[in-house]
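**Q** The numbering of the first sequence is this note's numbering, which starts it at 12 and goes up by one.
Think of the hints as simulated: they come from the structure by calculation, not from any bench. Predicted model, so just to flag it, every value in this text is computed and none were measured. Misleading hints may appear alongside valid ones.
As the list claims (entries may be wrong) - Simulated crosslink set (DMTMM-like; lysine to aspartate or glutamate; CA at most 25 Å straight-line):
1. K343 to E390
2. K353 to D417
3. K193 to D180
4. K196 to E465
5. K427 to E390
6. K317 to D336
7. K193 to D176
8. K447 to E428
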Amino acid sequence: MLQTPYLHTTITTSAHLAQTMTLLSLTSTELQQKIESELANNPALELINERRCPMCKRLLPQNGNCPICSQPSDLTGTEPIVFISPREDFYYSNNQNFEDISDDPFSSESVDLPTFVLRQIAPELNPGDRLVAAYILTHLDEDGFLTINSYEIARYHHRQLSEIDAIIDKLKRCEPVGVCSKGPKEALLIQVEVLSESVTVPKFTREVIENGLDELSHHHYAELGRKLGISTIMVSNITNFVADNLNPFPGRASWGDVRNPNENSSKVYHKPDVLIYHLNENPINPLVVEIIHPIRGTLQINPLFKQAIKQADEDKIQEWKGDLDRASLLIKCVQQRSNALKMLLEKLVTYQRDFILLGEKHMNSLTRAELAKELGVHESTISRAVSSKTIQLPNKRIVPMSIFFDRSLSFRCLIKEIIENETKPLSDSDLQEILKEKGIDIARRTIAKYRSMEGILPAYLRQSNLEVAN
DNA sequence: CTATGGCACGGATT
DNA sequence: AATCCGTGCCATAG
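Using the sequences provided together with the hints, build the complete structure.
**A** Here's what the structure looks like:
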């Protein structure tokens, strides 16, 4: 049984249980959509209380003061302040007018990928095409690739295939360049094309991508050179160029992170579900944890509706009763979701404090099962709450919440560090030795995996890179 | 012969 | 029950 201190209720019916589960696994954005549609369709449900904090303009929780502004500004300590925050500025409504969208496409740092792209392209399109573009953008996978083909889009919108392709072509040229491609090859080709307008691209880059992507990723440079009739040196140049300037997965924000940690590559196109930062951005202050609540106020049962039901006709009464039940169930479940997230975050932030403050190296290992035991809830509750949610850390990076349960992250970080400071290229077995001395005993094969996860080349290729640089 | 990537297995995790 | 992750074995390139 899931106890909810907030409501002093326990789960009673199976419908209740099912809905609690579903809501828990939704991201804030998805929850927002769910609530909005319910508000539109269910007359028993209404939204009240748009009180705002006079200081920070945040929408206030149902009753009580602003959790931020009511804190003394010089508060210290390690206890995080965790609360549910109805911060509307993180959300846009789906039926919002596209006119507002065209404002400052690059200024907001926390929009999801579809919005980010749409804002760039909206000014160049007529309203009809904007709809199509918006539709296309909702069918991207996490790498930024299109999951449907243009024929389906054309049929869905009753447009000519050529019109659709023209729109896709425009989309591909938006930041991140190559988004909406069908796959890595197409994305790279577009990037080359766009890049060649401003900088010189090595000769044959296009041909290499077109014909030799397999060889390229397997580092068969000599073979590739032979196949295209160019020297290995040129292939190597092209490889470096591709690695430095292009990104085969336009939607994957972590790709360029390792090499050049500039603000451009660390951008992640997800709206965070949780924000973590220092109170007033001052590092000596305790951490503030805002769990984004995606609606602008409090949900409640419409009292007029309750009145009306008493005098309703016989045939209406059943239908209305249904609405009433659905509404109260939704309210209950939304509150439980918030509450579960709050409990979860309190534990998580306390336990992984070092990671949040000091970085990936200090990640503690933690499993969902342990946390579930500690909180006295079922493992699957944690699983659902964590999955598909993202967190914005104090350093403004947005990471998936599941990162808190990544055992190998600190090892990977350590390996990266060792390799960065190496004087001669260390083979995977060398690395294994070094780590063993530090008390970390992992297999040679595993090190190889971690290394490739971090996008670090094997030892013999790092050698050649050093020589080229010197 | 050495370094490394692919495949697949088994155990842990979700 | 399904999925993920670490690992062993083997093939291949240099």
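**Q** Hints first: check each against the structure and report whether it holds.
**A** We went through each hint and held it up to the structure:
1. For a cut-off of 25 Å, the pair hint linking K343 to E390 stands: about 21 Å separates their Cα positions.
2. Simply put, K353 and D417 have alpha-carbon atoms about 21 Å apart, close enough for the 25 Å limit, and the pair holds.
3. For the suggested pair K193 and D180, the alpha carbons sit about 12 Å apart, so the restraint of at most 25 Å is met.
4. A threshold of 25 Å between alpha carbons decides the hint, and for K196 with E465 the separation of about 21 Å falls inside it, so the pair holds.
5. Restraint check for K427 and E390: the C-alpha separation of about 32 Å exceeds 25 Å, so the hint is violated.
6. For the given pair, K317 sits about 11 Å from D336 by alpha-carbon distance, which is consistent with the 25 Å threshold.
7. The straight-line distance between the Cα atoms of K193 and D176 is roughly 12 Å, inside the 25 Å bound, and the hint therefore holds.
8. Among the hinted pairs, K447 with E428 is consistent with the structure: their alpha-carbon atoms are about 16 Å apart, no more than 25 Å.
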